[in-house]
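There are 2 protein chains.
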Amino acid sequence: MNSTINQMINRGSIRKFSTKHVENETLETILKATVQSPSYANTQAYSIIVVEDEKKRELLYNMTTGTSGKGMTFIQKAPIFLLFVMDFNKVNKVMKKENLDMHIHESMEALLVGAVDVGILLEATTVAAEALGLGSVVVGAVRRDTKSIIEAFNLPKYTYPICGLALGYPDTGIKITPRLPLDATVYHDSYDDNAFDKHIEVYNKYMEELYNSRGADTSWTKLMASYFQKPIGKEQIDTYKNQGFDI
Amino acid sequence: MNSTINQMINRGSIRKFSTKHVENETLETILKATVQSPSYANTQAYSIIVVEDEKKRELLYNMTTGTSGKGMTFIQKAPIFLLFVMDFNKVNKVMKKENLDMHIHESMEALLVGAVDVGILLEATTVAAEALGLGSVVVGAVRRDTKSIIEAFNLPKYTYPICGLALGYPDTGIKITPRLPLDATVYHDSYDDNAFDKHIEVYNKYMEELYNSRGADTSWTKLMASYFQKPIGKEQIDTYKNQGFDI
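Going down the list, the protein sequences come from chains R and B. Mapping to my numbering: the first sequence position 122 is 122, numbers consecutive. Mapping to my numbering: the second sequence position 160 is 160, numbers consecutive.
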């Protein structure tokens with residue numbers, strides 16, 4: 001099998017990293033591969049912040065502790081932690097240079113271009129890092145307090161933090177989390193509202209056994225329900241608008 | 001150099017495809033690699049629609065013609081065209097199974113989870129397809145008429161179309177579009193509002209020469225200005241809200 005495909009099919013998140021140093025050259029190679037990935041009309045409306053400062057790592061970690069007081073320790077311990085930011089401050093500079101006004105920040109389209117392009121970058125960084133033997137885990141939880149991030153990282157108007165990504169050499173083996181069968185996700189010419197229903201029981205049973213074997217008494221739907229039962233991110237729109245965006 | 005890194009660093013979009021058929025098995029391999037990429041808490045809140053129907057291809061093509069009447073012909077001609085949809089209909093089904101209410105659709109967080117995860121999928125599909133010798137191009141222009149897409153593809157409540165992706169064997173060589181130097185994109189511990197300013201002139205000059213060599217009398221900033229000078233996507237929020245979302 002093709003080595004890239006093989007790597008992708010056997011991919012799993014790594015949440016425990018060895019203390020092995022990641023060379024600057026390695027990170028540079030990863031990021032050069034990353035930025036060559038597709039970007040909306042080659043706009044490159046994003047920034048990546050390498051978070052090294054311990055206090056800033058702690059700020060991000062504190063967002064993940066929730067009520068249990070136990071957070072994602074890898075945010076503090078990972079050799080590399082990257083913060084991905086959607087960035088129309090750059091587009092605004094381009095427009096000013098051409099003596100024109102920017103408009104995209106006035107509609108939902110900015111959020112779509114910005115978030116999709118950050119998603120593309122996240123996956124590119126993940127694939128490139130894993131090709132070089134590193135492990136990775138994406139962190140959406142940095143969105144729990146975007147206001148503090150904006151302050152701490154001096155994010156200007158027309159920018160908004162989207163995701164974090166921890167990188168390092170793995171200290172554990174990869175645990176692959178199987179996905180729903182393709183039939184539940186991939187449709188032909190029309191949305192099939194029954195496809196997911198057909199597969200949920202079998203997938204849930206399979207995942208329950210997997211979680212049990214890993215020492216967790218849960219199922220996929222129970223786990224999802226625990227994540228999604230509470231309101232989330234209600235304050236984000238205010239922070240987003242304070243950054244100069246409308247929707 | 002590592003073959004995956006080599007492929008990513010030398011990546012460029014392909015907009016002209018050969019008539020060579022893409023085997024079902026090839027697409028299946030690509031999509032199996034794709035869905036194994038990271039997804040927010042393994043939620044898999046997405047659907048991928050393989051668009052084969054000629055009328056549906058035409059509908060998508062017509063969104064790209066603009067005022068010139070000349071659209072992205074590859075939307076009709078590419079052997080494979082995929083439509084990527086953010087999908088909280090599935091999360092809602094999971095919550096119902098657990099007798100709980102979904103809340104994420106009430107805030108901006110749904111759009112962030114949905115769009116980022118589609119971005120991750122887009123890049124995963126791109127990398128996997130290119131590893132197997134195919135070319136690709138992402139199409140954001142399908143957002144010009146999300147309302148018609150929702151009708152044509154029967155997209156239910158709590159779903160929203162995000163991007164298209166054309167795949168096929170290349171009929172042309174890859175033209176690599178160089179990106180801004182990493183120093184303009186990657187910062188350390190804090191946003192550097194001067195970094196972009198420092199590089200824009202050199203990059204713009206370089207890109208102007210590149211565009212000229214390709215027969216186009218433009219520069220990067222001129223091209224960006226032509227894309228971004230008009231309001232875009234103002235109607236999307238209404239369509240999005242009609243799908244059951246709030247922000």
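Bear in mind the hints are in silico, worked out from the structure with no lab data behind them. A hint or two may mislead.
All copies of an identical chain are treated as equivalent in the list; a pair is satisfied when it fits inside any one copy or across any two copies.
With a straight-line cut-off of 25 Å between C-alpha atoms, the simulated PhoX-like cross-links for lysine-lysine are [to be verified]:
1. 157 <-> 234
2. 222 <-> 96
3. 96 <-> 56
4. 241 <-> 222
Worksheet item: Can you name, in rising order, the numbers of the hints this structure does not satisfy?
Response: As far as the earlier hints go, 3, 4 are violated by this structure, in ascending order.
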